[in-house]
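**Q** Protein chains in written order, with the numbering used here: chain A, 1 to 100; chain B, 101 to 200; chain C, 201 to 300; chain D, 301 to 612; chain E, 613 to 924; chain F, 925 to 1236.
Think of the hints as simulated: they come from the structure by calculation, not from any bench.
The structure presented is a predicted model; accordingly, all values stated were derived computationally and were not measured.
No residue lacks a Cβ here, since even glycine has one placed at the ideal position from N, Cα and C.
There could be a bad hint or two in this list.
Said to hold, decoys possible - For each label pair, taking beta carbons as the anchor points, the in silico distance ranges come out as: (1) E:Leu678 - D:Pro480: 53 to 61 Å; (2) C:Glu202 - F:Arg1141: 52 to 60 Å; (3) C:Ala227 - E:Phe834: 45 to 53 Å; (4) C:Arg276 - F:Asp1073: 15 to 23 Å; (5) C:Pro297 - A:Asp20: 49 to 57 Å; (6) B:Glu126 - C:Tyr280: 18 to 26 Å; (7) A:Tyr80 - B:Arg119: 38 to 46 Å; (8) E:His923 - A:Ala27: 51 to 59 Å; (9) E:Arg633 - F:Leu943: 38 to 46 Å; (10) D:Pro480 - C:Gly245: 43 to 51 Å; (11) B:Glu118 - A:Thr46: 26 to 34 Å; (12) A:Ala27 - C:Ala227: 38 to 46 Å; (13) F:Arg1141 - A:Thr46: 26 to 34 Å.
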Amino acid sequence: MEQYPRRLLTVVTEAVLERDLLGELEALGVRGYTITDARGRGSRGTRQSDWAQDGNIRIEIVCEPALAARVAARLRERYYDHYAMILFMQDVSVLRPEKF
Amino acid sequence: MEQYPRRLLTVVTEAVLERDLLGELEALGVRGYTITDARGRGSRGTRQSDWAQDGNIRIEIVCEPALAARVAARLRERYYDHYAMILFMQDVSVLRPEKF
Amino acid sequence: MEQYPRRLLTVVTEAVLERDLLGELEALGVRGYTITDARGRGSRGTRQSDWAQDGNIRIEIVCEPALAARVAARLRERYYDHYAMILFMQDVSVLRPEKF
Amino acid sequence: MTGIDPVICFFIFGIAAGLARADLRLPGAIYEFVSTVLLLAIGLKGGVELARDTGGMPLVELAGVLSIGLLLPLPVFAIARMIGRLSRADSASLAAHYGSVSVGTFAVVMGYLTTRGIPYEARAPVWVVLLEVPAILVGILLARGISKDVAWDKLARELLLGRSIVLLLGGLAIGWVSGPEGTQSIQPFFFGLFKGILSLFLLEMGLIAASHLPTLRRHGLFIAGFGLVMPLLGAGVGILVGLLLGLSTGGTTVLATLAASASYIAAPAAIRTAVPEANPALSLTASLAVTFPFNIIFGIPLYQQLAVSLHG
Amino acid sequence: MTGIDPVICFFIFGIAAGLARADLRLPGAIYEFVSTVLLLAIGLKGGVELARDTGGMPLVELAGVLSIGLLLPLPVFAIARMIGRLSRADSASLAAHYGSVSVGTFAVVMGYLTTRGIPYEARAPVWVVLLEVPAILVGILLARGISKDVAWDKLARELLLGRSIVLLLGGLAIGWVSGPEGTQSIQPFFFGLFKGILSLFLLEMGLIAASHLPTLRRHGLFIAGFGLVMPLLGAGVGILVGLLLGLSTGGTTVLATLAASASYIAAPAAIRTAVPEANPALSLTASLAVTFPFNIIFGIPLYQQLAVSLHG
Amino acid sequence: MTGIDPVICFFIFGIAAGLARADLRLPGAIYEFVSTVLLLAIGLKGGVELARDTGGMPLVELAGVLSIGLLLPLPVFAIARMIGRLSRADSASLAAHYGSVSVGTFAVVMGYLTTRGIPYEARAPVWVVLLEVPAILVGILLARGISKDVAWDKLARELLLGRSIVLLLGGLAIGWVSGPEGTQSIQPFFFGLFKGILSLFLLEMGLIAASHLPTLRRHGLFIAGFGLVMPLLGAGVGILVGLLLGLSTGGTTVLATLAASASYIAAPAAIRTAVPEANPALSLTASLAVTFPFNIIFGIPLYQQLAVSLHG
Ligand SMILES: Nc1ncnc2c1ncn2[C@@H]1O[C@H](COP(=O)(O)O)[C@@H](O)[C@H]1O
Ligand SMILES: Nc1ncnc2c1ncn2[C@@H]1O[C@H](COP(=O)(O)O)[C@@H](O)[C@H]1O
Ligand SMILES: Nc1ncnc2c1ncn2[C@@H]1O[C@H](COP(=O)(O)O)[C@@H](O)[C@H]1O
Ligand code: NA
Ligand code: NA
Ligand code: NA
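Same shape as in the complex, but just chain A:
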């Protein structure tokens, strides 16, 4: 069973951005993503999920490395300065390259 290399981009950010970010991703050509609700702590303090207002979301995107880099660049440009947000990237293997 052959495995194909792709890139996994993980973004953790403020839940309030969800709608906007998904629009952004779509515009950049991202075809799939997975979201989980999260809480955490970082340079902008502690973010709890008790109150939807204050929670984080964790978005995962599996895609071509070039697209991952484009998404990362866009998010950095538009959101880094003013929002709680981190992102990191990893190499992953997938079975059906046409999906990602």
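Here the structure of chain A is known, so what remains is to put chains B, C, D, E and F with the ligands in place on it, guided by the hints.
**A** Coordinates of chains B, C, D, E and F with the ligands only, in the frame set by chain A:
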């Protein structure tokens, strides 16, 4: 502190499959897994978690590479055609190799 | 856009440990983490999240490899014997090295 | 203006808010809470009434009700296959959904009759229990044949242990054992709040139904027509059986409504795993976004009128 | 001792538990449940009263209420900018928060007047709807200018489809259509439990407010003073408009309370995306941890007294 | 048939559904909601009664109740260690669990006495507060000795700020401050729905207990016997102290039930972190799957009978 290589298999699929999939994993000899509730979007459209019926789950399995490949192959064979499902694999390091 | 290597440490363990663990992380100098609620199965049986008492949490920490190793060593020393807990590590790329 | 039941208004409100893409998602836990309370309340109410009652359920009634679940899927399948030219799997899936029942619809007809003071058989929740599973098994049989691939016993067991059946039966048993006086202390919660909780439930169902309406556009007119005609067929069968069994007018209305209703929880989940090649959007859209609204807004009053005039 | 309303006690209890770092986090789903029921109940109550009433809302009242939302942000902005020496973005954010309203505060004033048997205009929930959005738009305008960067139509649409407005309007419509008799069956849930549900809500708000108090220390005295003075300004404006419009004493109290209240849900969310450079902790702390407690504990009785004496 | 309390039926139903592996998981948020409301209601009820009352709590009663929490762990520890031959850690864990109390059991005995019109001391919720923590500290002491490794002050602080204590005390204070008239508006929610909410709570507890029953098989007969005998010992001690303190029959029943009950929330959490080498399944299974069911089904009526006959 020595670290040992293992494989992390992540599966995102329909919540309705949970019971069946866990049976499948057990039959294949998987000894541990972690599940989180998720939502997302892919080739089969948007899946929200508001209504349990429609949500996704995200399953992580840390194991030997060979077992990860076997699990992936089985899932591909049995579920890919008819269910919303993606899977991807990564190399990870663990501390206690006997556990995985 | 340059990417910098860091280490991602993922810990899955009993929800009841959350408060203690976060204190531990702080003491070790960890500056950020992300937590999601999870359920799962391992050598200490099945852990459901229906009852907060019984659930798991999944903690992710992106940091310098040395710090990740230190955290892993401390958790192993203090918690492995008596608690349901696994941890694994991966290499990741980040954009803003000063954050992690 | 007193004619418009507020619980129906909540449903219409949910649909409207959903279609307008209002920021009104309700967390899954609320849905679970509300639906659990409703199912228990329905069961309890039936059980309390049964405890008052002396007679049991005649065997012929059991057979009559079961036969609806076993036979109604057949014409549904035939119509989907021949007129709709759908695949065998999709037709079987629709047969399972429309042969089975919707407890949400049952809650609305219960409220409808209670508000108007129309009596119906106390054992009606038992009909729901009897009707939920058989059609799903028949549907899977229509898709798979008497195949050894299907783990029939495991499947039947899981279906019979599904949420709605278990909560209904649990409520029935508790209501029956504790009786009218015993349950007095829990009546403010389960009976006093019933319609309020039902309002929240229908608000959520409206939002969910709205989120499935876009699929309707994609699947064309057939599914819309199907979702409007099938309940009429089901209601006809239900009224017929009700009259044959000698049920009260209220009971006939309930049975007609049940037969007219389509499952949107038990059937989708079971068909999803047992007949994976069926398109889940198709049957869910028909049952949730067409038949459910039709039944609770127009169907129930219509079936009640029919039951009255045919009862003559 | 009968003077201390238990719902206020719940709020103080929540603050105390939060400050003591007690293990008392309530899951988000409970907050959603409780706030949804409150919003629907407020709307329903207004709708039911409107159905009794014959007169509509005079156009001049519409204009008067809207003008509060459009104009109140201006002095708020000026004070923040000049006296507080805050950045333009932060000042605009505060203007949006304090020009808009808090439905939680409205629920408390409703309960306050009802308990004391003081009548107020049935259409008061409509004022909430009218007051929520305009100030937020004005605030964004103050930050951005008439910039093309802002997608004004999309923004307005999203704001008007926000949770609280949609639930209030939905409740209003249902209450109005179904009327006093029609809603009888859902009154035990929505009206009978109102104050109990409000207690839970205020307990949660207390916990949330407490978790924002530490920020207060960081941002110094200005924000505390601001959070105490602005509601007085708002209340003054509200009473003035109420008197000019010829509202009842109760209605004047409500309008004063609304004007005095600051948004902690709609405004923060909208400003977060439209004016990202504003510090969200600043405005949220002022509105949630200072103004909200002040209003529900001290403000409401004060505004009512003022309304009574000025009405004389 | 009126003898079977429906709330107990809900518990048995939950156990049965759990054992049958029915598809009946309730989301954690529902458990939080239901248990929060119960704890607040218990506190409120006590507070309201205390506001009516003129006398405070005699110091001797405080000492008597506290002594149960401090001393009961000792025989429990001895029995587990000597007869059960369990490790020191496991014995200490059991001592902590059985010396502490279960608020769920308290809610059931409250409902039991109220339904039968048997009066009991209004300050009973204070006993719960007094009994929850001391035994846990004693248990940890038994496991660790007066070790410097244990951060005793931090531990005691966290225990005293635990959910159940905080909610009980909060409810008590609010009920006491607001009094019978003040709380009238929130009584439909907190008092009117009490038994209905308790039903849902016990349904969940039944499901949770059932999920811990399989462990019972693994840990053999000792834990089952222990879970049945310890409550009798505790009840004996409770009745004795109740009689010595001159409590009413109802109050003696309550104190006996509290002493007989075992903690399944506060103790497990605290022991898990302070005595990690204790096997959590052992003590949780005994307290949750054996003692809790025994107490609410058989124990309470038994303790009440004993209290009556010994009171004579
Ligand atoms: N080093 C880290 N490791 C894992 N998650 C982090 C880290 N730093 C920040 N986060 C997550 O990202 C969110 C935003 O981070 P920040 O912008 O630094 O406040 C936090 O609330 C955390 O959930
Ligand atoms: N490229 C992707 N990256 C991350 N998650 C994805 C991606 N594609 C699909 N998913 C997730 O997998 C689920 C099923 O995918 P699909 O079968 O393509 O509909 C979706 O609902 C998403 O949660
Ligand atoms: N092989 C594995 N892969 C993924 N998650 C695991 C694995 N083993 C254990 N876990 C998770 O870690 C928790 C504790 O594991 P354990 O200490 O083995 O019981 C489990 O409840 C699972 O959520
Ligand atoms: Na049907
Ligand atoms: Na205002
Ligand atoms: Na005890």
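**Q** All hints, please: hold or fail.
**A** Verification of the hints:
no. : hint                             : result
1   : E:Leu678 - D:Pro480: 53 to 61 Å  : holds (55 Å)
2   : C:Glu202 - F:Arg1141: 52 to 60 Å : holds (59 Å)
3   : C:Ala227 - E:Phe834: 45 to 53 Å  : violated (35 Å)
4   : C:Arg276 - F:Asp1073: 15 to 23 Å : holds (19 Å)
5   : C:Pro297 - A:Asp20: 49 to 57 Å   : violated (27 Å)
6   : B:Glu126 - C:Tyr280: 18 to 26 Å  : holds (24 Å)
7   : A:Tyr80 - B:Arg119: 38 to 46 Å   : holds (42 Å)
8   : E:His923 - A:Ala27: 51 to 59 Å   : holds (56 Å)
9   : E:Arg633 - F:Leu943: 38 to 46 Å  : holds (40 Å)
10  : D:Pro480 - C:Gly245: 43 to 51 Å  : holds (44 Å)
11  : B:Glu118 - A:Thr46: 26 to 34 Å   : holds (31 Å)
12  : A:Ala27 - C:Ala227: 38 to 46 Å   : holds (43 Å)
13  : F:Arg1141 - A:Thr46: 26 to 34 Å  : violated (43 Å)
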